[in-house]
Amino acid sequence: MYGLQVWIGALLTLMIFSFLYKDNPFYKFAEHLFVGVSAAYWMVVGVWGTMVPNMLAKIHPPLVRNVLPALATAEPEFHYIIPCILGILLLTRLITPIAWLSRWALAFIIGYTAGVRFSRYLQSDFIGQIKSSLIPIISVGDGGFSIGMTFSHIVLTVGVVCGLIYFFFSKEHKGAFGAASRVGIYILMVTFGASFGYTVMARISLLIGRMSFLGEWLGVIAGWFS
Amino acid sequence: MSVVEKLGNVDRRIIFLLIALAVIIPLVFNISFMEHPSPIVQTIFDKIESLPNGSKILLPFDYGPSTAPELEPMATAVTRHCCKKNHKMYIMALWPTGQAQALRVIEDVIEEEFPEKVYGTDYVHLGYKAGGYGLINTILADLKKMYTTDAEGTHIDEIGMMSDVQNLRDFAFICNFSAGFPGLKEWVQFAGDPGDIPVAGGTTAVSAPLLYPYYPRQMLGLMGGLKGAAEYEAALVHGYPEYEKVYQRAIAIMGPQAIAHLVIIIFIIIGNITFFIEKKRAKKSD
Amino acid sequence: MRRRIPIIITFIVGTALIMAMFIPHTPFSSLDENLSVYFDIIAVFAFILGGGNLLRVHLEKIQKKKRDWQFSIVTVVGFLFMLIIGFFKVGGPPGLSGDFLAEGSWFRFMFEAVFNPLQATMFSLLAFFVASAAYRAFRAKTKEATILLIAAFIILVGRTPIGHYFTSWLPKQLDFLHVPTLASWIMGWPNTAGQRAIMIGIALGVIATSLRIILGIERPYLGAEK
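Residue numbers (this note's numbering), protein chains in the order written: chain H, 3 to 228; chain P, 6 to 291; chain Y, 37 to 262.
It is worth saying that the hints were derived from the structure and are not from the lab. Some hints here could point you the wrong way.
Claimed, not checked - Output of the computed footprint for chain Y on chain H, the stretches with three or more beta carbons under 8 Å from beta carbons of chain Y:
{"id": "1", "region": "9-17"}
{"id": "2", "region": "30-44"}
{"id": "3", "region": "146-158"}
Said to hold, decoys possible - Heads up, simulated DSS-like pairs for lysine-lysine below, C-alpha to C-alpha not over 25 Å straight-line:
{"id": "4", "chain 1": "Y", "residue 1": "Lys179", "chain 2": "P", "residue 2": "Lys285"}
{"id": "5", "chain 1": "P", "residue 1": "Lys11", "chain 2": "P", "residue 2": "Lys285"}
{"id": "6", "chain 1": "Y", "residue 1": "Lys179", "chain 2": "H", "residue 2": "Lys176"}
{"id": "7", "chain 1": "P", "residue 1": "Lys149", "chain 2": "P", "residue 2": "Lys122"}
{"id": "8", "chain 1": "P", "residue 1": "Lys11", "chain 2": "H", "residue 2": "Lys24"}
{"id": "9", "chain 1": "Y", "residue 1": "Lys100", "chain 2": "H", "residue 2": "Lys30"}
{"id": "10", "chain 1": "P", "residue 1": "Lys284", "chain 2": "P", "residue 2": "Lys11"}
{"id": "11", "chain 1": "P", "residue 1": "Lys149", "chain 2": "P", "residue 2": "Lys61"}
{"id": "12", "chain 1": "P", "residue 1": "Lys61", "chain 2": "P", "residue 2": "Lys89"}
{"id": "13", "chain 1": "P", "residue 1": "Lys288", "chain 2": "Y", "residue 2": "Lys179"}
{"id": "14", "chain 1": "P", "residue 1": "Lys52", "chain 2": "H", "residue 2": "Lys133"}
{"id": "15", "chain 1": "P", "residue 1": "Lys284", "chain 2": "Y", "residue 2": "Lys179"}
Claimed, not checked - Negatives, chain H to chain Y, calculated, CB over 12 Å:
{"id": "16", "residue": "His62"}
{"id": "17", "residue": "Pro63"}
{"id": "18", "residue": "Thr75"}
{"id": "19", "residue": "Pro78"}
{"id": "20", "residue": "Glu174"}
{"id": "21", "residue": "His175"}
{"id": "22", "residue": "Lys176"}
{"id": "23", "residue": "Ala181"}
{"id": "24", "residue": "Ser228"}
Since the structure is predicted, the reported quantities are computational estimates derived from the model, not experimental observations. Backbone N, C-alpha and C define an ideal beta-carbon position, used for all residues, glycine too.
Next comes chain H alone, as it looks inside the complex (with noise of 0.2 Å):
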């Protein structure tokens, strides 16, 4: 069975890298495949996972004795219906004339959103980061001032503030301001050389993932011959 696992992945990877000569019928085989067996891998995960242990067996529990024996004797709760009816009207939007009713469902959806992201990102992103950079411009440490992490202060103080003017568009860049914006612009830009570098690093890594399974893969084909 491991076998005609890897065979299987292992053309279905060829065919995926057959796109890097040019586009042709092999790669759109696999893409298309991957389309339809993702799209059912998120919705059979979604259902087994949550729609039956948390929806279906809390309104009718004996519905589930077959699937989820453990949960089959528990106290229905009614008030799970709410997310029942919500859930079905979002389904609505694939029925074109009732297709507004899905707003209802989507409403409940960004009002939550809203509502939670409001609080999370005013703790953490906002106030949190604001909390973290207040920190001494002047570093003493055990060994008396150190000039390095007081260097290194000043360039995190420094930084967010520019960084911060840099975005800031109602006052023209200009004079103390326009400098101070300068600067922001050249620590955004050590920022994204930064996040070039690793994203080089990501994509390396995936492409020595690709190929250790294709290595793995001649392994089995070697195998059979040895």
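On the provided structure of chain H, position chains P and Y as indicated by the hints.
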């Protein structure tokens, strides 16, 4: 056509071929180097090491096959470390693909290398639940509201190690393996900060730079990409010398990684040399 | 009905969640918990909506024999096959109980043999394109581009083991110029400063947009239709 023009108009397929060779050749010749853990990775190792034996650690697997080459080695190394320290591992996923990825680590590491570990006592696989950050928000208050069973359908109250877990605040540490959204950022925002729970983890190299602002106040440590995984493996080997002879995947493939980086640097240098020569020529002809 | 109800739902849900942050006691705390569970459940319906939409688009393509319609058959067959073996847990634990990803199940096999290599290879293609882009477009045209390039270079070398050998000859006093040290410094200080400035900017944007959505000033989910 001059050499400079030829280099400027080189077919992209030649570049593709060179990149493929830069990865394949070091893989074939098994080129690898020594790794040194950096402080941002070492803190994660130290945290797991310093927790008393049997501490509860939540391991959310928030990635899929597309990023497994980066994240699976770190998930493997951290799981090994937790097993060595006899910590109780609670495995879950915010990504649908995370459930299958977690199974691979459970089968390859826990079941194969630590057969004495008992399911339900030493580790539990809670599986995937939908909702992303909504799920974190739910389980921060009440874990059993969503996790009524484990991945196999066993009632949550029948699992021994779940008896004293009410919500996320009951965990000593959350070590997340994240490929993006929802992932480590959401664990910091929705669990670490509001719940005052120590959070750290590994991410793909693409998302690692974005998470640095959380370190060290809101996020204990960070393993960024394959390099982060290799550093964790190095820390593990240093702490547990018996692993010196065990195959460390991230360390092993950092060789091809380094060579491919060099090739890309050479590409950039050649690209810039041709650019400057062409610019100079254009100036002269003007 | 079509516009007012969604605005009311968004307002109530969003406001309740913000209140729950400031008043973490009954009834707001339990409201926060229940709304979160509802959100988690509705998220699954989004998977079903995605699957349904995919099926609709490809069946229409096949029916109307649009360009490359033959490949749509691959998508539909792949989708339905994966869906059936997943929903019925074919080859898995006895009956419909147990893990749908259990060892030996067809669904697990399809994940390992088809889904896994397809997704992994699709993403690994990016390594080739990032290399090509680096060769063709990564030019030191301006001062800003040069800074970006230098930062990327240091990261690319410093985040690999080669970086250690590159500058290992440097004397102890010049340790701060050691490439891995420089790479770590860039990530820890200027990168953090730049990312933090961006993060604070995004947080302000999210907070403002959340409020606008909750108050009904912004209603993108309602579309243009009256």
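Inset, instruction - Please confirm whether proline 78(H) is truly not at the interface, meaning its C-beta sits more than 12 Å away from all C-beta atoms of chain Y. - result: About 15 Å separates proline 78(H) from the closest Cβ of chain Y, which puts it past 12 Å; holds.
Legend entry - Distal placement of threonine 75(H) relative to chain Y, Cβ over 12 Å: Threonine 75(H) clear of chain Y: closest Cβ-Cβ about 15 Å, beyond 12 Å.
Inset, instruction - Take the C-alpha atoms of lysine 179(Y) and lysine 176(H), compute the straight-line distance between them, and say whether it is at most 25 Å. - result: Judged against 25 Å, a Cα distance of about 19 Å means the pair holds.
Legend entry - Non-interface claim for glutamate 174(H) versus chain Y (Cβ beyond 12 Å): Glutamate 174(H) clear of chain Y: closest Cβ-Cβ about 19 Å, beyond 12 Å.
Legend entry - Outside-interface status for serine 228(H) - nearest CB in chain Y farther than 12 Å: Label holds. Min Cβ-Cβ 24 Å, cutoff 12 Å.
Inset, instruction - Test the statement that alanine 181(H) is away from the interface with chain Y: the closest C-beta pair must be farther apart than 12 Å. - result: Nearest chain Y Cβ is 14 Å from alanine 181(H), so the label holds.
Inset, instruction - For the pair we were handed, lysine 288(P) and lysine 179(Y), check the Cα-Cα distance against 25 Å. - result: Holds, at about 19 Å.
Inset, instruction - Could you grab the alpha-carbon distance between lysine 284(P) and lysine 11(P) and see if it respects the 25 Å cut-off? - result: holds (15 Å)
Inset, instruction - Take the C-alpha atoms of lysine 61(P) and lysine 89(P), compute the straight-line distance between them, and say whether it is at most 25 Å. - result: At roughly 14 Å apart (the allowed maximum being 25 Å), lysine 89(P) and lysine 61(P) satisfy the hint.
Legend entry - 25 Å limit on alpha-carbon distance, applied to hinted pair lysine 11(P) and lysine 24(H): holds (22 Å)
Legend entry - Coverage assertion for the region 30-44 of chain H with respect to chain Y, Cβ distance below 8 Å, three residues required: Holds: 15 residues of the region 30-44 of chain H have a Cβ under 8 Å from chain Y.
Inset, instruction - Say whether it holds or is violated: histidine 62(H) keeps its Cβ farther than 12 Å from all Cβ of chain Y. - result: holds (15 Å)
Taken one by one, the earlier hints all hold for this structure without exception.
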